[in-house]
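There are 2 protein chains.
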Amino acid sequence: MQLLRTSDADFEAKFDRVVRDRRESDAQVGRDVSAILNEVRERGDSALVEYTKRFDQHNLSSDEDWSISKEACKAAYDGLDAELREALETAAARIRSYHEGQLPKDRDYTDDIGMRLGARWGAVEAAGLYVPGGRAAYPSSLLMNAIPAKVAGVERLVVTTPTPKGEMNDLVLAAAHIAGVDEMYRVGGAQAVAALAFGTERIARVDVVVGPGNAWVAEAKRQLYGVVGIDMVAGPSEILVIADKDNNPEWLAADLLSQAEHDPTSQSILITDDRGLASQVMDQIDLEFLKLPTAKTAKQSWDDHGLVVLVDSLDEAPALSDRLAAEHVEIATADPEALFGKLRHAGSVFLGKMTPEAVGDYIAGPNHVLPTGRRARFASGLSVLDFMKRTSFIGATEGALKAIGPAAVRLAEAEGLPAHALSISRRLS
Amino acid sequence: MQLLRTSDADFEAKFDRVVRDRRESDAQVGRDVSAILNEVRERGDSALVEYTKRFDQHNLSSDEDWSISKEACKAAYDGLDAELREALETAAARIRSYHEGQLPKDRDYTDDIGMRLGARWGAVEAAGLYVPGGRAAYPSSLLMNAIPAKVAGVERLVVTTPTPKGEMNDLVLAAAHIAGVDEMYRVGGAQAVAALAFGTERIARVDVVVGPGNAWVAEAKRQLYGVVGIDMVAGPSEILVIADKDNNPEWLAADLLSQAEHDPTSQSILITDDRGLASQVMDQIDLEFLKLPTAKTAKQSWDDHGLVVLVDSLDEAPALSDRLAAEHVEIATADPEALFGKLRHAGSVFLGKMTPEAVGDYIAGPNHVLPTGRRARFASGLSVLDFMKRTSFIGATEGALKAIGPAAVRLAEAEGLPAHALSISRRLS
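For the record, the sequence lines run as chains B and V. Mind the numbering: the first sequence is residues 0 to 428 in numbering that gives the first Met the number 0, read in order. Mind the numbering: the second sequence is residues 0 to 428 in numbering that gives the first Met the number 0, read in order.
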């Protein structure tokens, strides 16, 4: 953990190092993934069988080994503890409602020269969703990725998830039932992403691949960008909390640790103008490590990447926060709106002291798949738009073509493209 | 050129080969580009100097060697032929007007439990635009890429363009003046994309890189996806014309050749139910080759990738067209709306016999940067959204947190994330 003061002489150099720290994967992963993608592309299912045996100790042989049926998902759903089932349903309903409001509107109008112009949105036909296995198998992630796809209108939603030693996660199956997943395959890693992108004998290819995963999965998505659409390159996640002096250190400690407990590479940052609060929060975090079941991961993250920045005034906070362009920004101040108005780069913002980031992870409604690694400078959270595409259209009348065609002919000639010019001038003669 | 009939026994196999044909670059380009990116990342300007000398025979030494001033762009604009200047201004005004209609709306509402939810859109701070040099230096491309960035609200718009042997293109400079480009550097190739993404001593890094280029530029963008935002992976372009029997073969020949003259890897496709029209168009194209100044490129494209598909009924056309998911689709029929309604995957559609594709390249208003290589299945044309990002936000009251917090706590506990649960439960106790 680093404690920096903006008033210190070496602040700029040290803060800049934090901003530039990438916490990301290496070239060896890139080569390994590239080899796996080629194998799956060339050999299809037989490559999946080999990799799944090697990496997941799972034999793909019978239909049940390969896929999880809708009936199995329904059974997992029925078997859930009633309160947990209701919690999942509440989350799903709220996520659905928020994402329905994202559906884009078509355009279709005729301008002053009689030219019809517009754009029409439509869903992709098929989407693939990667769901991690083992400890990181989160039903909330399934809901957050699958529901926007279904709201967008995707007809075929395919999940791939590793089942190490054959083990399945009932919560994930139940979430798949709620979200209306159409197909579910028991493969994971880069090989699963390759199967979704290229297609194999068993798994028909999709148009878009989304979902979280480890470094191999993220790298596979990066390499396959352009072959299929992908949601984004996901890296270790961040929380940045901007807090005034009137905060409960126990609340803020929990907020910071809720990011740190995800992964040793996660990053938790506190910006405050109150030295006393900073000390209290740091002390509280040390206390939490004594009892928190996830202390090992959380402590490693906090020790290696944790950051507390003391500012003279909270007015400094938005600019610092923008440089970090964090995935999650909590504004725990009396007037959160004032700072929010000055903030420019963040995946999602949590306004006020009663809004812990975790409420957004599960149940508020907006997506929890958000840009990480400073990518909020240019990227957005997952939305229905990731599962849709837009077709523009143009309809000219003879009058409209007469009005602007000659200018286009002139430009085509200037660019040395005579067939372009002819295609217009012949219609005007 | 291939002529296929849907009624032939081997149609499916042959058509499938066309759909799968990728016309794209090889692994060697990937390795070359990877090396260039590393050099620019490590050595900055000095790498740019070396590559620019080697690839463009241009020495980067004085400020004038490095960049093109706003004054130089203004002078190029002032020096243009008046009609050409007016054509560029008309195009710019129409492109600006169409893209202003794309600006997304923010959301901000409070739901039935008192939870405030929403999303706020904002522009990226800086965007880089690659403009090819030499023969493919198109002022229309500059307008199509730069204007959406400015409409989105990008403050710093940087152009990189190679100037082989020092040669600049006045039309491109004039277009930069019209579009309001802020900085313009005389570097090209993968090295220019690397400079935009990583930044060098002279060129500050940007957040998004857009613009067309050769295979090296396209591969550089692909490899840097995630380091910066990129518009899309661009490949060879396509036109697909759906025509009924009542068409002028001279018009359609020009339309097909307007794509073929771009590049030998471009693809022009005609789908018609009229054998006579197909023959007339093919004959006309052969005639054009005798006089068209761009015949060499156009003939190679038509010979290698041209395709004529004879259908029994035009009702077959939308499904065939969707499999090709072409960049440009012209519907040259009496009732274009009927087929357009059945079409699902296309970059842009040109409705009716008076709408040649070239009118969209220059002046209609919608963007001419469109998904190629079957990517219209999942990708969209360039828009203001490529230069913007969305920040979601959540604001809970105590009442709202009480209403849904317990469900989130339950889910966090089920996922084995105790700090997540604590961050909510502590605020409820």
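Just so you know, these hints were derived from the structure itself, not from any lab. These numbers were taken from a predicted model, which means no experiment stands behind them. You may find that some hints are simply not true.
[Stated by the list, open to error] Computed footprint of chain B on chain V; a stretch qualifies when at least three of its residues, placed anywhere within it, have a C-beta under 8 Å from a C-beta of chain B:
{"#": "1", "stretch": "219-226"}
{"#": "2", "stretch": "255-266"}
[Said to hold, decoys possible] Sample of chain B residues at the chain V side, in silico, Cβ under 10 Å:
{"#": "3", "residue": "Val17"}
{"#": "4", "residue": "Gly78"}
{"#": "5", "residue": "Gly100"}
[Said to hold, decoys possible] Here are the simulated BS3-like pairs of lysine-lysine, each with C-alpha atoms no more than 30 Å apart in a straight line:
{"#": "6", "chain 1": "B", "residue 1": "Lys401", "chain 2": "B", "residue 2": "Lys13"}
{"#": "7", "chain 1": "V", "residue 1": "Lys244", "chain 2": "B", "residue 2": "Lys104"}
{"#": "8", "chain 1": "V", "residue 1": "Lys149", "chain 2": "B", "residue 2": "Lys149"}
{"#": "9", "chain 1": "V", "residue 1": "Lys244", "chain 2": "B", "residue 2": "Lys341"}
{"#": "10", "chain 1": "B", "residue 1": "Lys290", "chain 2": "V", "residue 2": "Lys149"}
{"#": "11", "chain 1": "B", "residue 1": "Lys69", "chain 2": "B", "residue 2": "Lys149"}
{"#": "12", "chain 1": "V", "residue 1": "Lys164", "chain 2": "B", "residue 2": "Lys149"}
{"#": "13", "chain 1": "V", "residue 1": "Lys244", "chain 2": "B", "residue 2": "Lys401"}
{"#": "14", "chain 1": "V", "residue 1": "Lys104", "chain 2": "B", "residue 2": "Lys104"}
{"#": "15", "chain 1": "B", "residue 1": "Lys244", "chain 2": "B", "residue 2": "Lys104"}
{"#": "16", "chain 1": "B", "residue 1": "Lys341", "chain 2": "V", "residue 2": "Lys149"}
{"#": "17", "chain 1": "V", "residue 1": "Lys244", "chain 2": "V", "residue 2": "Lys164"}
From the three backbone atoms N, C-alpha and C, an ideal C-beta is built for every residue, glycine too.
Subject >> Hints the structure fails to honour >> reply: Hints 3, 4, 6, 7, 8, 9, 10, 12, 15 and 17 are the ones this structure does not satisfy, whereas the remaining hints hold.
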